[in-house]
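Chemist: Those protein sequence lines, which keep their order, are chains A and B. Residues 0 to 344 in numbering that gives the first Met the number 0 are what the first sequence lists, from first letter to last. Residues 0 to 344 in numbering that gives the first Met the number 0 are what the second sequence lists, from first letter to last.
Keep in mind that the hints are not guaranteed to be accurate.
Since the list gives no way to pick out one identical chain from another, each pair is judged satisfied if it fits inside one copy or across any two copies.
Cross-link-like lysine-lysine pairs, in silico, BS3-like; alpha carbons within 27 Å at most [claimed, not checked]:
(1) 3 / 146
(2) 291 / 94
(3) 94 / 159
(4) 291 / 216
(5) 3 / 115
(6) 141 / 13
(7) 94 / 216
Read the hints as simulated data drawn from the structure, not as lab findings.
Residues per chain, in single letters:
Number of protein chains: 2
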Amino acid sequence: MKGKILLSHGAGGKETGELLNALIVSRIWENLKRVEGGYGIDVLDDGATIPLGDGRHMVLSIDSFTVNPIFFPGGDIGKLAATGSINDVAVMGAKPIALMDSIVVEEGFSMEDLEKIVKSMIAVAGEEGIAIIGGDFKVMPKGQIDKIVISTVVVGIASKPIIDKHLKPGDKIIISGTVGEHGATIMALQQGLGIEAGELRSDCQPLTKLMLPLVEKYPDDIHAAQDPTRGGVAQVLNEWAQKTGNIIVIEEEKIPIREPVRAYSEMLGVDPLSLACEGRVLLGVEREAAEKVLKYIRNLGYVDAEIIGEVHEPKKHRGLVLEKTIAGGIKVLEPPSGEIVPRIC
Amino acid sequence: MKGKILLSHGAGGKETGELLNALIVSRIWENLKRVEGGYGIDVLDDGATIPLGDGRHMVLSIDSFTVNPIFFPGGDIGKLAATGSINDVAVMGAKPIALMDSIVVEEGFSMEDLEKIVKSMIAVAGEEGIAIIGGDFKVMPKGQIDKIVISTVVVGIASKPIIDKHLKPGDKIIISGTVGEHGATIMALQQGLGIEAGELRSDCQPLTKLMLPLVEKYPDDIHAAQDPTRGGVAQVLNEWAQKTGNIIVIEEEKIPIREPVRAYSEMLGVDPLSLACEGRVLLGVEREAAEKVLKYIRNLGYVDAEIIGEVHEPKKHRGLVLEKTIAGGIKVLEPPSGEIVPRIC
Numbered sequence: 000m001k002g003k004i005l006l007s008h009g010a011g012g013k014e015t016g017e018l019l020n021a022l023i024v025s026r027i028w029e030n031l032k033r034v035e036g037g038y039g040i041d042v043l044d045d046g047a048t049i050p051l052g053d054g055r056h057m058v059l060s061i062d063s064f065t066v067n068p069i070f071f072p073g074g075d076i077g078k079l080a081a082t083g084s085i086n087d088v089a090v091m092g093a094k095p096i097a098l099m100d101s102i103v104v105e106e107g108f109s110m111e112d113l114e115k116i117v118k119s120m121i122a123v124a125g126e127e128g129i130a131i132i133g134g135d136f137k138v139m140p141k142g143q144i145d146k147i148v149i150s151t152v153v154v155g156i157a158s159k160p161i162i163d164k165h166l167k168p169g170d171k172i173i174i175s176g177t178v179g180e181h182g183a184t185i186m187a188l189q190q191g192l193g194i195e196a197g198e199l200r201s202d203c204q205p206l207t208k209l210m211l212p213l214v215e216k217y218p219d220d221i222h223a224a225q226d227p228t229r230g231g232v233a234q235v236l237n238e239w240a241q242k243t244g245n246i247i248v249i250e251e252e253k254i255p256i257r258e259p260v261r262a263y264s265e266m267l268g269v270d271p272l273s274l275a276c277e278g279r280v281l282l283g284v285e286r287e288a289a290e291k292v293l294k295y296i297r298n299l300g301y302v303d304a305e306i307i308g309e310v311h312e313p314k315k316h317r318g319l320v321l322e323k324t325i326a327g328g329i330k331v332l333e334p335p336s337g338e339i340v341p342r343i344c
Numbered sequence: 000m001k002g003k004i005l006l007s008h009g010a011g012g013k014e015t016g017e018l019l020n021a022l023i024v025s026r027i028w029e030n031l032k033r034v035e036g037g038y039g040i041d042v043l044d045d046g047a048t049i050p051l052g053d054g055r056h057m058v059l060s061i062d063s064f065t066v067n068p069i070f071f072p073g074g075d076i077g078k079l080a081a082t083g084s085i086n087d088v089a090v091m092g093a094k095p096i097a098l099m100d101s102i103v104v105e106e107g108f109s110m111e112d113l114e115k116i117v118k119s120m121i122a123v124a125g126e127e128g129i130a131i132i133g134g135d136f137k138v139m140p141k142g143q144i145d146k147i148v149i150s151t152v153v154v155g156i157a158s159k160p161i162i163d164k165h166l167k168p169g170d171k172i173i174i175s176g177t178v179g180e181h182g183a184t185i186m187a188l189q190q191g192l193g194i195e196a197g198e199l200r201s202d203c204q205p206l207t208k209l210m211l212p213l214v215e216k217y218p219d220d221i222h223a224a225q226d227p228t229r230g231g232v233a234q235v236l237n238e239w240a241q242k243t244g245n246i247i248v249i250e251e252e253k254i255p256i257r258e259p260v261r262a263y264s265e266m267l268g269v270d271p272l273s274l275a276c277e278g279r280v281l282l283g284v285e286r287e288a289a290e291k292v293l294k295y296i297r298n299l300g301y302v303d304a305e306i307i308g309e310v311h312e313p314k315k316h317r318g319l320v321l322e323k324t325i326a327g328g329i330k331v332l333e334p335p336s337g338e339i340v341p342r343i344c
């Protein structure tokens, strides 16, 4: 392979998928892409599964967090690192039980800041009752890493993992809350735009309080679930459409977007649907159950949840996402590409 | 906590242990330091365990690799990242079954180098029959990270995990091969010392071909096992002594050190016992079985393996490592402290 790594290769959009497939996934021997009986790297889901032999699955997810700035309204890199990996496991229908972290920090980094970050991470795990069972810690000389990178792994147990490729025609698409809050916050900070107090705030929060009761109550009706982080809602829906070959149609007017997020996105020239959420989940739900599920989610406290679209069988085209605009038109919602926002998570 | 992070905090020696205890371990609620019935962050072993309910344990380990240079005689950061986490699981007596990786790379990094690194990682997993089940990939803007950092997690299954605190008085200490090869190689390269062809070479290699047959053959006789990476043999033996309160006595003349490693270490002013190995294991073995175990290990092809010392009950002092020198004296082998070698692994 020739050339150089670009920011777009790490943006979580089209280029990331293409690179990782060429670089890694296609190179692993077919029988080593998963543990026998589990879901592995080839399903490109939030996490992977290892069957435990008693009907249950262990679900594992790994992520490295490079967010810049490391402190932001609504959280910090420690909270994000714990939350992000917890959510990857939760959206697979698993109960997170253990976390491991690996911190790489720059020489000269403030001990006080490190303490705040670690406290945030421990607080999230503590509130969730998740054990922190191990970790690693490295220091790189001054100037060789910008502040801090945290990698986390979360382990969970699922009796029936939610695998997104099971999304099917007829399914309704539900979003659990307003979109783009994390992405808009980080992007505004990176661009040096002042954020008025309370205007923008990351939505960074664990999804366990939503996902665990939901999969218990509706074990057969949740066909797909993913937290729309890098590349946002547009990325997840395109992945789902491509994986299943279906057409997903969403309605712009149904998508909950807070006014400041809309305003900042316009100012920054990005579609809020491409901006990362760190505390929302997209669900693909059995058609007949969708209204009940929506009501249930709202009753859990997620009052902004909405049914935003539906899955259709492919006809002429396969694997597309269409958006019915408020203006009455219809447009293709492309998978995000380009740089989007570097170091968003 | 006040002050700034120093290189010594990441060296894997005394300062690392003190910082991580104050910063992380002591802050986690007591009941969340492990999954119930497993070994967690407080045992400070190579990995952690999660009981599977059928007598078996899942063993997990996480590490971030920051080695500099990223290509070196005997390997590269990809081989090291796979090997290092595999070894952490193997020395706990577990059979590694799955690997996850997270790569953070600098914008502008050569695609060709990335390909070489990833190929090395995949090759190690492939040869070991370990599935690569998932991963993450991030890009940081030019100048915000020096080249590449890889974090890996390996999952293994053990019927009886080896937990180092079970080391007991009378046990013999065995090293599986010559020491300090990885550390001396990286240090010489960092110092800009030319390495003559073949003189120094990292010992980076998976320990599965040693550990798996060993624990099968001698399930009750291996009381402790650890790969002496950061801080080397001196670090591991001091950890063992401190964990168990015992006195460990080793004999300098028994320690296998290749001549170029000895020469470079002298030139660089370090004790080879503080230098990282990436393909060796230290074992604490039941006294009566030690000679048989040594023979068995040598027959597996580890011809430089040696019994280098013995564990004694503490008398006046507790938790010390003593070294009988070739000159006939006896000295305290201190836990390594200070910077040692930054970015050694």
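Chemist: Kindly indicate which numbered hints from before are broken by the structure, ordering the numbers from low to high.
Modeler: none
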